[in-house]
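J.: For the sequence shown, the working numbering gives the first residue as 1, with consecutive numbering after it.
Careful: at least some of the hints might be erroneous.
Derived pair list, reagent style PhoX-like, types lysine-lysine, alpha-carbon separation capped at 25 Å [stated by the list, open to error]:
| id | residue 1 | residue 2 |
| --- | --- | --- |
| 1 | Lys42 | Lys89 |
| 2 | Lys81 | Lys122 |
| 3 | Lys98 | Lys42 |
| 4 | Lys103 | Lys81 |
| 5 | Lys120 | Lys81 |
| 6 | Lys82 | Lys122 |
| 7 | Lys98 | Lys82 |
| 8 | Lys42 | Lys4 |
Quick list of the computed label-pair ranges, beta carbon to beta carbon [said to hold, decoys possible]:
| id | residue 1 | residue 2 | range |
| --- | --- | --- | --- |
| 9 | Lys4 | Glu53 | 52 to 60 Å |
| 10 | Thr7 | Asp117 | 33 to 41 Å |
| 11 | Thr61 | Gly95 | 19 to 27 Å |
| 12 | Ile12 | Tyr92 | 33 to 41 Å |
| 13 | Met1 | Ser33 | 45 to 53 Å |
| 14 | Asn73 | Lys42 | 23 to 31 Å |
| 15 | Ala56 | Lys103 | 27 to 35 Å |
| 16 | Lys4 | Gly58 | 18 to 26 Å |
| 17 | Ile12 | Glu72 | 50 to 58 Å |
| 18 | Thr34 | Lys82 | 13 to 21 Å |
| 19 | Thr107 | Ser33 | 15 to 23 Å |
| 20 | Ala38 | Gly105 | 17 to 25 Å |
| 21 | Gly58 | Ile6 | 45 to 53 Å |
Calculated from the structure, these hints are not laboratory results. Bear in mind the structure is a predicted one, so any value in this text is a computation, not a measurement. Heads up, the beta-carbon is just placed ideally off N, CA and C, and yes, glycines get one too.
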Amino acid sequence: MLNKIITRMVCIALATLVVMVMPEQLRAQSAQSTELIALINKGAYLVDVRTPEEFAEGSVTGAVNIPLDEIENQIAQFKDKKHIVVFCKSGYRAGEAKELLAKHGFTNVSNAGSWEDVAKLKK
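Let the hints inform the model, and build the full structure from the sequences given.
T.: Structure, rendered in structure tokens:
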């Protein structure tokens, strides 16, 4: 009996937490999307860091393909860019690309997640 009461209380507490936290996460995602849309519309340098094979299967119109493992060799491509938006299949490699570019002094880089997300934002 006591276990059932405790279990119900925990479930209620978790449900309450989800209801309280989710709107904040949705606002943060919406703000990030709005920011990315503005950057894309202002002509941000769109970089797909997937492999050439993945890029050939589809990407964002106007994006360049600089695979993650080529970024250091292609660092000159990033110089003088007002803002850089990196993306990949899921956002993981884009996160690594952002960190790598940060090590080279670039502070104007956004990880946009997946190329499909960027394509939706660009419409």
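J.: Between lysine 4 and glycine 58, does the beta-carbon spacing fit 18 to 26 Å?
T.: 52 Å, violated
J.: The hint says 27 to 35 Å between alanine 56 and lysine 103; measuring C-beta to C-beta, is that right?
T.: 29 Å, holds
J.: Do the beta carbons of threonine 7 and aspartate 117 sit within 33 to 41 Å of each other?
T.: Since the Cβ atoms of threonine 7 and aspartate 117 sit about 38 Å apart, the hinted range of 33 to 41 Å holds.
J.: Go ahead and decide if the range 23 to 31 Å is satisfied by the Cβ distance of asparagine 73 to lysine 42.
T.: 27 Å, holds
J.: Just to be sure I understand the hint, the distance between the Cβ atoms of glycine 58 and isoleucine 6 should be within 45 to 53 Å; is that true here?
T.: With a Cβ separation near 51 Å, glycine 58 and isoleucine 6 satisfy 45 to 53 Å, so the hint holds.
J.: Quickly compare the C-alpha distance for lysine 120 and lysine 81 to 25 Å and report which way the hint goes.
T.: 23 Å, holds
J.: Starting from lysine 82, check that the Cα of lysine 122 is at most 25 Å away, please.
T.: 18 Å, holds
J.: State, for the Cβ atoms of lysine 4 and glutamate 53, whether the hinted interval 52 to 60 Å holds or is violated.
T.: 55 Å, holds
J.: Would the hint linking lysine 42 and lysine 4 be met if the CA-CA limit is 25 Å?
T.: Roughly 56 Å between the alpha carbons, so the hint for lysine 42 and lysine 4 is violated.
J.: Quick one: are isoleucine 12 and tyrosine 92 within 33 to 41 Å, going by C-beta?
T.: Distance hint for isoleucine 12, tyrosine 92 holds at roughly 35 Å.
J.: Return holds or violated for the Cβ distance of methionine 1 and serine 33 against the range 45 to 53 Å.
T.: 48 Å, holds
J.: Between threonine 34 and lysine 82, is the Cβ distance one that fits in 13 to 21 Å?
T.: Roughly 18 Å apart at Cβ, these two residues keep to the hinted range, so it holds.
When the structure is compared with the earlier hints, violations turn up for hints 8, 16 and for no others.
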